[in-house]
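Number of protein chains: 2
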Amino acid sequence: MTRKAAIIGGGVIGGGWAARFLLNGWDVAIFDPDPEAPRKIDEVLANAKASLPALSDVPMPPIGRLVFAKTVKDAVQDADYIQESVSEQLALKHRVYADIQANAPDAPLGSSTSGFKPSQLQEGAVNPATIFVAHPFNPVYLLPLAEVVPSPASNPALIERAKDILRDIGMFPLHVRKEIDAHIADRFLEAVWREALWLVKDGIATTEEIDEAIRMGFGLRWGQMGLFETYRIAGGEAGMKHFLEQFGPCLTWPWTKLMDVPEFNDELVDLIAGQSDAQSGHHSIRELERIRDSSLVGFMRALKDRDWGAGRVLNAHDAGRRKAALSGTDAAAAPLTLAHLQVLPGWIDYNGHMTESRYLFAGSETSDAFLRLIGAGMDYVAAGHSYYTAETHIMHLGEAKLGDRLTGSLQVLSADEKRLHVFIRIEKDGAPVATLEQMLLHVDMNAGRACPAAPEVLAHLFKIRDSHAALPRPPATGRHVGQRKG
Amino acid sequence: MTRKAAIIGGGVIGGGWAARFLLNGWDVAIFDPDPEAPRKIDEVLANAKASLPALSDVPMPPIGRLVFAKTVKDAVQDADYIQESVSEQLALKHRVYADIQANAPDAPLGSSTSGFKPSQLQEGAVNPATIFVAHPFNPVYLLPLAEVVPSPASNPALIERAKDILRDIGMFPLHVRKEIDAHIADRFLEAVWREALWLVKDGIATTEEIDEAIRMGFGLRWGQMGLFETYRIAGGEAGMKHFLEQFGPCLTWPWTKLMDVPEFNDELVDLIAGQSDAQSGHHSIRELERIRDSSLVGFMRALKDRDWGAGRVLNAHDAGRRKAALSGTDAAAAPLTLAHLQVLPGWIDYNGHMTESRYLFAGSETSDAFLRLIGAGMDYVAAGHSYYTAETHIMHLGEAKLGDRLTGSLQVLSADEKRLHVFIRIEKDGAPVATLEQMLLHVDMNAGRACPAAPEVLAHLFKIRDSHAALPRPPATGRHVGQRKG
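Chains as they are written, first to last, in this note's numbering: chain A, 1 to 486; chain B, 1 to 486.
Think of the hints as simulated: they come from the structure by calculation, not from any bench.
Just so we're clear, the structure is a prediction, and the values are computed from it rather than from any experiment.
Using N, Cα and C, we set each Cβ at its ideal position, and we do this for glycine too.
Heads up, some of the hints might be wrong.
[To be verified] Quick list of simulated restraints, FRET-style, between CB atoms:
no., chain 1, residue 1, chain 2, residue 2, range
1, B, G398, A, P452, 19 to 29 Å
2, A, G274, B, D349, 29 to 39 Å
3, A, P452, B, D349, 19 to 29 Å
4, B, A238, A, K401, 31 to 41 Å
5, B, D379, A, L288, 17 to 27 Å
6, A, A450, B, P33, 33 to 43 Å
7, B, E88, A, G403, 49 to 59 Å
Isolated chain A, as found in the complex (with noise of 0.2 Å):
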């Protein structure tokens, strides 16, 4: 059955946070008194559709349903989780906080506040043990991280329940064991912002020098790896220790100047803007955001083919899925239509269409699935056999496009006891985009060599291999590369 989150609050944060859970599949109801937030939240959900997707190797669940609800009374209506994202004003958030609690006392609310405490938050409530801190950062809909932090007023089996909703979501929720202000994360920004203000303050740097030193340098190490394994790193084989002894004596050097904080005036205020302004002005801000998810994808991709860091929360969120999307495929005398996919953002090229090793991917999941209803799955490979794919001669028949729902379906031309040789196409819409004729041998990985398939695999082999005979060969089949049509 579908869940529901209720949205308390649309702004940039708010949407994120919808967003994310309408593509993961929840129903959504926002509630924001602002005439403006239905544009707002249509506007990150435009950028959200355009990138969050192509962070899935596993198809999407189909989008949830979105209402704006005309009263907190409506939006949190049976919800399952809420979400509060208002202004960081404590008054403003206890006034919310009592009109939820007024009709849904018992969901998890969770605050996307920056810098109260969940003990502050829960000062006056109807229910304060299920109102926690859930801290994301912009992007909500592409970056992993929430901090959740309970006070000890807290119920800690609706903090775990919040926690393995956040990662329903795609989410990566970092327990914050005591409460602190401005929680873990934005201790560190407030500390950068700081110096940085100093550095513009002083001529030292402008805002695009500072961006600079960051994004050239420390900044791509942060995104994979944190401080301390950094620089556990730098240690190298003397260890963390010896580091440490190292640096640990620049703690009173003048390397900082945050023993002091700079007056906040109208001239600083001009100064950062004027020179803001200079840097990326030439971009709009919808521009900014669209550079800055393009981006991310790229990064968190390829943490996912290394499975390290954010990948690896992704790699997770998409095995949890496969699960579901590979259930319910029956054998017919027929071509086997075996695979749906949809061409995400990650698959198109500069021309705009579906890469080429996309085409071969598609191959490879419509024979992998063929693979498994014969038998020949992941325990069979375990257990020391397979089949290899020894040759593929690809067509490229049409062009798939963003967005663009494929299926795969496979017809067996031949087979005998080590031999398979296939004939996979690729459609959209009905129409081929890409044929694939593939010849696989069964092995034993042991002995490196071909062998005969286990009998039980075969039977349900020539089964299929049988009645596909009635089938008319595909005119692709046999072809050699240049050869002339027809």
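Knowing the structure of chain A, use the given hints to seat chain B on it.
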């Protein structure tokens, strides 16, 4: 003529400099009295060779010659550039500079110092005008940033020459206009470091939790935009000034402990070292280096695809090389080695082999690089023309496994105004793991039909075709699937 760099001090940083110069075709002489230096340098160089070429889409120059010099004098003799990376002790640096300048008083002399100002480095020097800060970031062979800091005593023309040299080895020289302790980036690192020490000491978070708080959130942002551009987006259409006015008040809130410095005692060292062991101790430092480098390559390639940030630096560096690569093609009639890849965890199927579709991916990387080489890259496509792949025949000839390093080379079989018939070899240790025979068609993307390529593209293409006409035709060409060998 090959140029020479002298590297004084051969630790991780000096080794990183040496690797960057060598892989960019410079000869390098290293001086380091440590008998362990050659082993350490070899290790850094092995890491660099395994990662830096993966960032290049044009053939790299031949690797330079590495010499371990017995004296500073031997090292700096005839050097076009000198980089000092000895320990952070000012008196030691002064002694080393005296030795260097007694033998090479006029060469640019950059220091890797994290903290000292150039005017401090210049004190008492024979020729202060040539001494400046060139502060790199580990791993030096991958991260583009070098903070270049002159003092008023520096020679501006020499500083410009040094910046050109840094660009020549693929770096991004950030000219810091006013000298200051710890330059720019390390001030931020120091601020975060001090805050992190407090968080660990106070038991708020472990080293692992802090690292997750960074790399799952703002760390990903900072690899592609810095602090100010990120916040500019957060400010939205209302602008940077609005953002500043909203967040200015936080400066007086207790969001950082940075007004204070934690006591750096054994207890704190043990706490951090112990937590770091628990977090990362199951990986050796070498493993962590490989994981880091592989992820950095992934990030930088993602940015390169988008021509943004560090990726823009890489593209500019490639562009400078492309001309040299093209002019070199008529010298030797050989298949062009265009792609360098490593088999990543995400590329492996449940057989433990590189998935089928990654062979085609490797082929695409090779043909894409070829198209860029002949002038049919991104700009050409943006202007409405492109080569589409019509047909591909893949022979699977070997097994690529996790961590294997592959190269992709391309031979032109035939080409006319519209058609391009190529043969691609994907090789591991010089032996093919797969070959791809491809037919590409040149198309007018708006009209949606084949058309002749631009004259300047054809000029490059035909020159390569004509030189490749002398090469033997690979026996695997013209095959169809299932055809007997021989």
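So, going through the hints one by one against the coordinates:
At about 23 Å, the beta-carbon gap between G398 (chain B) and P452 (chain A) stays in the expected band of 19 to 29 Å. Range check, G274 (chain A) to D349 (chain B): about 54 Å between beta-carbon atoms, so the 29 to 39 Å window is missed. At roughly 22 Å, the beta carbons of P452 (chain A) and D349 (chain B) sit within the given window of 19 to 29 Å. Range check, A238 (chain B) to K401 (chain A): about 36 Å between beta-carbon atoms, so the 31 to 41 Å window is met.
Evaluation of the 17 to 27 Å hint for D379 (chain B) and L288 (chain A) yields a pass: the beta carbon distance comes to about 23 Å. A C-beta distance of roughly 59 Å is found between A450 (chain A) and P33 (chain B), which places it outside the suggested range of 33 to 43 Å. For E88 (chain B) and G403 (chain A), the hinted distance range of 49 to 59 Å is satisfied, since their beta carbons lie about 55 Å from each other.
Checked against the numbered hints given earlier, the structure breaks hints 2, 6 and satisfies all the rest.
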